[in-house]
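Engineer: My request is simple: use the sequences and hints to build the entire structure.
Chain by chain, the residues run as shown.
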Amino acid sequence: MPTLNLAGAGRLLVLVAVFLAGIWSQSSGMIDDFIFYLPDVHYLVVQHLWLTLMSGGLAIVVAIPLGILLSRPSMARVAESMMQVLNVGTTIPTLAVLALSMSFLGIGTVPAVFGLFVATLLPIARNTYTGLKGVNPALKEAAAGIGMSPTQRLLRVELPNALYVIFAGIRTALAINIGTVPLAFLIGAGGLGELIFTGIDLYDPVMMLSGAIPTALLAVVVDMLIAITAFLLVPRGVNPSRA
Amino acid sequence: MIRLDNLTKVFDTPKGAVTAADHISMEVPSGEICILLGPSGCGKTTTLKMINRIVRPTSGKVFINGEDTSSLDTQDLRRNIGYVIQQIGLFPNMTIEENITVVPKLLGWDKAKYRERAREMMRMIAMEPDAFLKRYPSELSGGQQQRIGVARALAADPPVMLMDEPFGAIDPINRAVIQDEFLKMQQELNKTIMFVSHDIDEAIKMGDRIAIFREGKLVQYSEPDELLAAPKNDFVESFLGEDRALKRLNLVKIRDLASEEIGLVRPDDTLATALQRIESYGYVNSIVMVNDKRQPVGIINAAVARTTHGHCRDHYQSVPVVVTLDDDLRKVASLMFAHDMTWVPCVDDDGRIVGQITQRAITHHLGSRYRAHSKGEDNAKAAEASPSPAIKE
Numbered sequence: 001m002p003t004l005n006l007a008g009a010g011r012l013l014v015l016v017a018v019f020l021a022g023i024w025s026q027s028s029g030m031i032d033d034f035i036f037y038l039p040d041v042h043y044l045v046v047q048h049l050w051l052t053l054m055s056g057g058l059a060i061v062v063a064i065p066l067g068i069l070l071s072r073p074s075m076a077r078v079a080e081s082m083m084q085v086l087n088v089g090t091t092i093p094t095l096a097v098l099a100l101s102m103s104f105l106g107i108g109t110v111p112a113v114f115g116l117f118v119a120t121l122l123p124i125a126r127n128t129y130t131g132l133k134g135v136n137p138a139l140k141e142a143a144a145g146i147g148m149s150p151t152q153r154l155l156r157v158e159l160p161n162a163l164y165v166i167f168a169g170i171r172t173a174l175a176i177n178i179g180t181v182p183l184a185f186l187i188g189a190g191g192l193g194e195l196i197f198t199g200i201d202l203y204d205p206v207m208m209l210s211g212a213i214p215t216a217l218l219a220v221v222v223d224m225l226i227a228i229t230a231f232l233l234v235p236r237g238v239n240p241s242r243a
Numbered sequence: 244m245i246r247l248d249n250l251t252k253v254f255d256t257p258k259g260a261v262t263a264a265d266h267i268s269m270e271v272p273s274g275e276i277c278i279l280l281g282p283s284g285c286g287k288t289t290t291l292k293m294i295n296r297i298v299r300p301t302s303g304k305v306f307i308n309g310e311d312t313s314s315l316d317t318q319d320l321r322r323n324i325g326y327v328i329q330q331i332g333l334f335p336n337m338t339i340e341e342n343i344t345v346v347p348k349l350l351g352w353d354k355a356k357y358r359e360r361a362r363e364m365m366r367m368i369a370m371e372p373d374a375f376l377k378r379y380p381s382e383l384s385g386g387q388q389q390r391i392g393v394a395r396a397l398a399a400d401p402p403v404m405l406m407d408e409p410f411g412a413i414d415p416i417n418r419a420v421i422q423d424e425f426l427k428m429q430q431e432l433n434k435t436i437m438f439v440s441h442d443i444d445e446a447i448k449m450g451d452r453i454a455i456f457r458e459g460k461l462v463q464y465s466e467p468d469e470l471l472a473a474p475k476n477d478f479v480e481s482f483l484g485e486d487r488a489l490k491r492l493n494l495v496k497i498r499d500l501a502s503e504e505i506g507l508v509r510p511d512d513t514l515a516t517a518l519q520r521i522e523s524y525g526y527v528n529s530i531v532m533v534n535d536k537r538q539p540v541g542i543i544n545a546a547v548a549r550t551t552h553g554h555c556r557d558h559y560q561s562v563p564v565v566v567t568l569d570d571d572l573r574k575v576a577s578l579m580f581a582h583d584m585t586w587v588p589c590v591d592d593d594g595r596i597v598g599q600i601t602q603r604a605i606t607h608h609l610g611s612r613y614r615a616h617s618k619g620e621d622n623a624k625a626a627e628a629s630p631s632p633a634i635k636e
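Line by line, the protein sequences are chains D and A.
Each residue of the first sequence is one higher than the one before, starting from 1 at the first, in the working numbering.
Each residue of the second sequence is one higher than the one before, starting from 244 at the first, in the working numbering.
It is worth saying that the hints were derived from the structure and are not from the lab.
Be aware that a few hints might be false.
Simulated coverage check for chain A against chain D, where a stretch passes if three residues somewhere in it have a Cβ under 8 Å from a Cβ of chain D [as the list claims (entries may be wrong)]:
#	stretch
1	331-341
2	368-382
Straight-line distance between alpha carbons at most 25 Å, and here's what the computed SDA-like set of lysine to any residue pairs gives [what the hints assert, rightly or not]:
#	chain 1	residue 1	chain 2	residue 2
3	D	Lys-140	A	Ser-283
4	A	Lys-354	D	Pro-160
5	D	Lys-140	A	Gln-330
6	A	Lys-354	D	Thr-151
7	A	Lys-434	D	Glu-141
8	A	Lys-304	D	Ser-149
9	D	Lys-140	A	Asp-400
10	D	Lys-140	A	Leu-315
11	A	Lys-348	D	Ala-138
12	A	Lys-377	D	Tyr-164
13	D	Lys-133	A	Gln-388
14	A	Lys-377	D	Pro-160
15	A	Lys-460	A	Asn-249
16	A	Lys-348	D	Leu-154
17	A	Lys-448	A	Thr-435
18	A	Lys-377	D	Asn-136
19	A	Lys-377	D	Phe-231
20	D	Lys-140	A	Gln-387
21	D	Lys-140	A	Pro-402
22	A	Lys-348	D	Pro-160
23	A	Lys-377	D	Asn-239
24	D	Lys-133	A	Val-298
25	A	Lys-448	A	Ala-488
26	A	Lys-348	A	Ser-381
27	A	Lys-377	D	Gln-152
28	A	Lys-496	A	Gly-610
Some chain D residues near chain A, calculated using beta-carbon distances under 8 Å [unchecked claim]:
#	residue
29	Leu-139
30	Glu-141
31	Ile-146
32	Val-157
33	Pro-160
34	Arg-236
35	Val-238
Keep in mind that this is a model prediction, so the values were computed, not measured.
Idealized CB from N, CA, C, for every residue including glycine.
Structural biologist: Spelled out as structure tokens, the structure:
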């Protein structure tokens, strides 16, 4: 019973704190300030998501086939060195990638999407590759011995069994992507970075937070959406969250 | 029927060419189980996997039911061969039903037909269709999974099956159960089966024929009893083990060695009669007493008969052991040792005494083949040519 009382007291304390924070933010005019930025936030969230969607979508479309291709037995010799190349690609900080792509592609959406695409590519390719390589060899032998063609083996056995790992890669990649999009503002592609960086420059915490809080929320929401997609798409027999 | 003709596999390794299978030629008649047996690295698995081209032969040919398989498309070939592996290899992303119906679907059966087939297979392996078809492999025990593995291999009713140590990963108790079930199924299905094993006891139990491999070569290919009675060389002999005479006990049914002649007494006989029969039949310790239906009701001890007067009905003890005609010699031998008996009465399905099996008959049976073998090559060949006659005492 003491623990229950403690938990109850804790909950009460949080409620009181939230209430006080509400009173404080209302009285200090912070709420009004946030409401002032609402149209900007709305416009920039759409722009932000659009950047994520383009770069992330492009990365998924390229990385998954790349991972599949590298996992084929005929590619075994070059696969690991290709993966190393991609690895080196990720070691370069995203800001540097953006700067590099700006120097080749100029400013605006195109270089931003390209830079984000490069940063997002590797986790997906890597997880697709390791996921497929990690499929139990006994399954592959059984699939071959039963008389499945290489394509049938890939689609009916290998991919379904690697899907959970592939989705984990997509989750990581898109979390990185959404967190990196604010940097795209620096090369003139817009997004919530506009509020964050301008807020920092002007030392305007409310402006900064109007950019930072939606960015954080977007990251959480997108992560949840992917988790739900994974939950629904990964077959039940190989889905740890549905075991 | 499976026929291998000079099947050879040479692997190129950094250390040079390694011959994993060296001109293997053998034939498995239709409806028989052939066990490929040998220590690890002897080429038995390579030979098996060349049949469905998981391993590509370097040279040589495989004929299935007389047809040269090298002209067939790999996928078509494999879809018509059941394949069971030690690691089971059920697809964890598919339900049991989907796993069983994989091959029928690949062969383009229509839905109603393959779904009915899945239910039929489940009944065949003695698993409740409604309880299991919608479940996933991870929800089943190892033994259940391998039953499904066998069902999947049999689903499209292939004439030929390849089994690579199928029961190797299952605990000994379940393994024996699955082996028995499989043998029972095979009696109805009559598939031609190649079966890799490294377990001599499994080979003797399951095999109609046993092929012993060593270092890529086929050393001896014969029926189990023949193999145990007449191993071709020292390697085969040591591989079969020092106790190979005892292993033969598994292969012989009491029916083959039982003698119809047995000394009995009735409840109304006197103990003097009993003693006389014990001596005339050469029993040392006791004699069986039967009722009007020839069912054993007890035994009369020689010591009691010697020292007491009266009728058998007043001085009998309970019958220690009886065996049926379908039991194997191993069971009898074990009972004889346990109860210190030189003979055991045999009963039919109704429990009526039909004869006896004696220790002498067993040792004579085991010994006759060895003697024939050791008399010299000519005699050994003659013994191999003619099946050993059942010895009647």
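Engineer: Need the status of pair Lys-133/D, Val-298/A: alpha-carbon distance at most 25 Å?
Structural biologist: Holds. Lys-133/D to Val-298/A sits at ~20 Å (cutoff 25 Å).
Engineer: Hinted pair, alpha-carbon criterion (25 Å max): Lys-140/D, Leu-315/A. Please report holds or violated.
Structural biologist: 22 Å, holds
Engineer: Does the alpha-carbon distance linking Lys-448/A and Ala-488/A stay inside the 25 Å limit?
Structural biologist: The given pair, whose Cα atoms are some 15 Å apart, holds under the 25 Å limit.
Engineer: Can the restraint linking Lys-377/A and Phe-231/D be considered satisfied, given a maximum Cα separation of 25 Å?
Structural biologist: Cα-Cα ~19 Å, so holds.
Engineer: Is the hint on Glu-141/D kept, meaning its closest Cβ partner in chain A is under 8 Å away?
Structural biologist: Holds, about 6 Å.
Engineer: Does the alpha-carbon distance linking Lys-140/D and Ser-283/A stay inside the 25 Å limit?
Structural biologist: Holds, at roughly 22 Å.
Engineer: Would you mind confirming whether the straight-line C-alpha gap from Lys-377/A to Tyr-164/D stays at or under 25 Å?
Structural biologist: 21 Å, holds
Engineer: With a cut-off of 25 Å on the C-alpha distance, tell me whether Lys-348/A and Pro-160/D pass.
Structural biologist: 18 Å, holds
Engineer: Would the pair Lys-377/A and Asn-239/D pass a check requiring their Cα atoms to be no farther apart than 25 Å?
Structural biologist: 16 Å, holds
Engineer: Are the Cα atoms of Lys-140/D and Asp-400/A separated by 25 Å or less?
Structural biologist: 22 Å, holds
Engineer: Going straight from one Cα to the other, do Lys-448/A and Thr-435/A come out at no more than 25 Å?
Structural biologist: Answer holds: Lys-448/A to Thr-435/A is near 16 Å, not above 25 Å.
Engineer: A closest beta-carbon separation below 8 Å is what the hint needs, so does Ile-146/D meet it against chain A?
Structural biologist: Holds, about 6 Å.
Checked against the numbered hints above, the structure breaks none of them.
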